[in-house]
Amino acid sequence: MARTPTGRTAPRRPTTTNLAKGRGMSRPDRPAPGRSSGPARPTRSAQPAVEAGRRWPAALALGGEHRSIPAWPWIVGLVLCLLGLAAASYLTVAHYVTGVTLACPDTGLINCEKVTTSSYSTILGIPVAVLGLAFFIFMLPLQTPWAWRSTNQYLRIVRMASCVVGMGFVLWLLYAELIKIGNICLYCTSVHALTFLILLSTAFGTIATAPSLDDGPEGSDGSEGQALQAV
Amino acid sequence: MIVVVLVVVAVTSGGGTSGGGSNSTPLASASVLRQIEGVSPETMATQVKNDPPLAFPASTGNTTVLMANGKPKIVYIGAEYCPYCGGERWAMIMALSKFGTFTGIKQITSSASDNPSAIPTFSFLGASYRSRYLVFDPTETQDVNRNPLQTPTAENAALEAKYDAPPYTQAGGIPFVYIGGKWVIDGASYDVTPMQHLSHATVAQAAATGSTKYGSDIQATAGAIVSRLCNLTHGQPGNVCRSFPAVVGK
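In the order they appear, the protein sequences are chains A and B. Number 116 in this note's numbering belongs to position 116 of the first sequence; there are no gaps in the numbering. To convert, take the position in the second sequence, counting from 1, and add 1000; that gives this note's numbering.
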């Protein structure tokens, strides 16, 4: 009879981190205390880059600026990454600790041991569980509020591309489980599902947090930048 | 008249063996069986002591022997697709042939889409076993393509439900072999991976000579089974069991 894995409790959710309202508040030309805080305003030092060409602001292109964004992309992303880390960690430990059972399941599709000890459980000698763990470790900093607030286009591309690559790998593993091995592992399936959810949240989050020219130092017509100069 | 007789013979010989089964599945090669069954008890005893298999049949803790028709009963539940069942059958045939005679064993290859794949092996479907000392009750639940074949009897199903699970076995699965109520085998006793895509003749020669690791593993696994069968039969037959004065690998 196939053995089903035992349940696990979800890891503790991360506490809400301090949401910086803006950067550069220590500069002497910043608005005086008491002024209502709002979206981060770039400092005077950013202006020459803007004046160099009224295209995509250089400071923003280099990712030096942070801005206010919806909270859900990093909240969802962090939670999913931490859950994925927990599941992948368990699978990694199980890969090295669990003894091999040379038996076929007499009933049922679920057989975690058979999946995690099959020839498909390693790639170039590296356990798939370790690769999954590496994926979530790599993705975790990319899902932080600071990373999401960043307008660095390379960071955003890497984050999205990593999710796509991860999902492609998941599809291959699903093929190996269902077609080649003929069994599935519930823990592996949970990691696969989390990877898919991270892909979705990252995709929609990337759209929702896409920087626009309004995030630039002068706004749409430069009037706000001129107002700062006057302060 | 001769034509009529030939037609009748052809029809009746192609009508299937006892217990049902595919007409296209060939019977096991006589030379292959001869090689397996020709391994001496002394060779098995030496092998199981010098190079024991990965796993020995585990004790159930029962002291009462499972009997049928006044003889200890060996229950086997497996499937034709299962590669681990495929490996274990070699050792089982080698061991049981010392206590009785098989007829009607079919020659098959386990599923090519499983992992390990394409293990050359046999099927107990439709086979019969005659012995003065033991009763062998096999069930092949699925064919190579995982289609249903045989259903275990209620008694055997109950044994599997109880003993093919912790604490008797590690995980539960097939092959499940219940040796007279006192020992249980859950899964293959040795690594069958090197046997993938080999021919029956190749494996039979290796099993007869012990010239490969899997060949010596088959001999050792058979020796472990024989030592337990000798315990059940109180040392009979003597020419076999004198090589196994005690159960090996408790």
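Just so you know, these hints were derived from the structure itself, not from any lab. Heads up, a few of these hints could be off.
[Unchecked claim] Label-pair ranges, simulated between beta-carbon atoms:
| no. | chain 1 | residue 1 | chain 2 | residue 2 | range |
| --- | --- | --- | --- | --- | --- |
| 1 | A | L178 | B | A1246 | 43 to 51 angstroms |
| 2 | B | H1234 | A | L124 | 53 to 61 angstroms |
| 3 | A | I137 | B | A1157 | 42 to 50 angstroms |
| 4 | A | L186 | B | A1165 | 14 to 22 angstroms |
| 5 | A | W146 | B | A1161 | 38 to 46 angstroms |
| 6 | B | S1024 | A | S119 | 49 to 57 angstroms |
| 7 | B | Q1107 | A | P141 | 57 to 65 angstroms |
Quick reminder that beta carbons are idealized off the backbone N, C-alpha and C, glycines included.
- prompt: Cβ-Cβ distance between I137 (chain A) and A1157 (chain B): within 42 to 50 angstroms?
  reply: Because 47 angstroms falls inside the window, the suggested range holds.
message: Tell me if the beta carbons of Q1107 (chain B) and P141 (chain A) are separated by a distance inside 57 to 65 angstroms.
response: holds (58 angstroms)
- prompt: That 14 to 22 angstroms hint for L186 (chain A) and A1165 (chain B) (C-beta), does it hold up?
  reply: holds (18 angstroms)
- request: Just tell me: holds or violated, for the beta carbon distance of H1234 (chain B) and L124 (chain A) against 53 to 61 angstroms?
  value: Roughly 55 angstroms apart at Cβ, these two residues keep to the hinted range, so it holds.
field: Cβ distance range 49 to 57 angstroms for S1024 (chain B) and S119 (chain A), holds or violated
entry: violated (30 angstroms)
message: Between the beta carbons of W146 (chain A) and A1161 (chain B), is the distance compatible with 38 to 46 angstroms?
response: violated (56 angstroms)
task: Given the range 43 to 51 angstroms, decide if the beta-carbon distance of L178 (chain A) to A1246 (chain B) lies inside it.
output: holds (47 angstroms)
In the structure shown, a violation is registered for the earlier hints numbered 5, 6, in ascending order.
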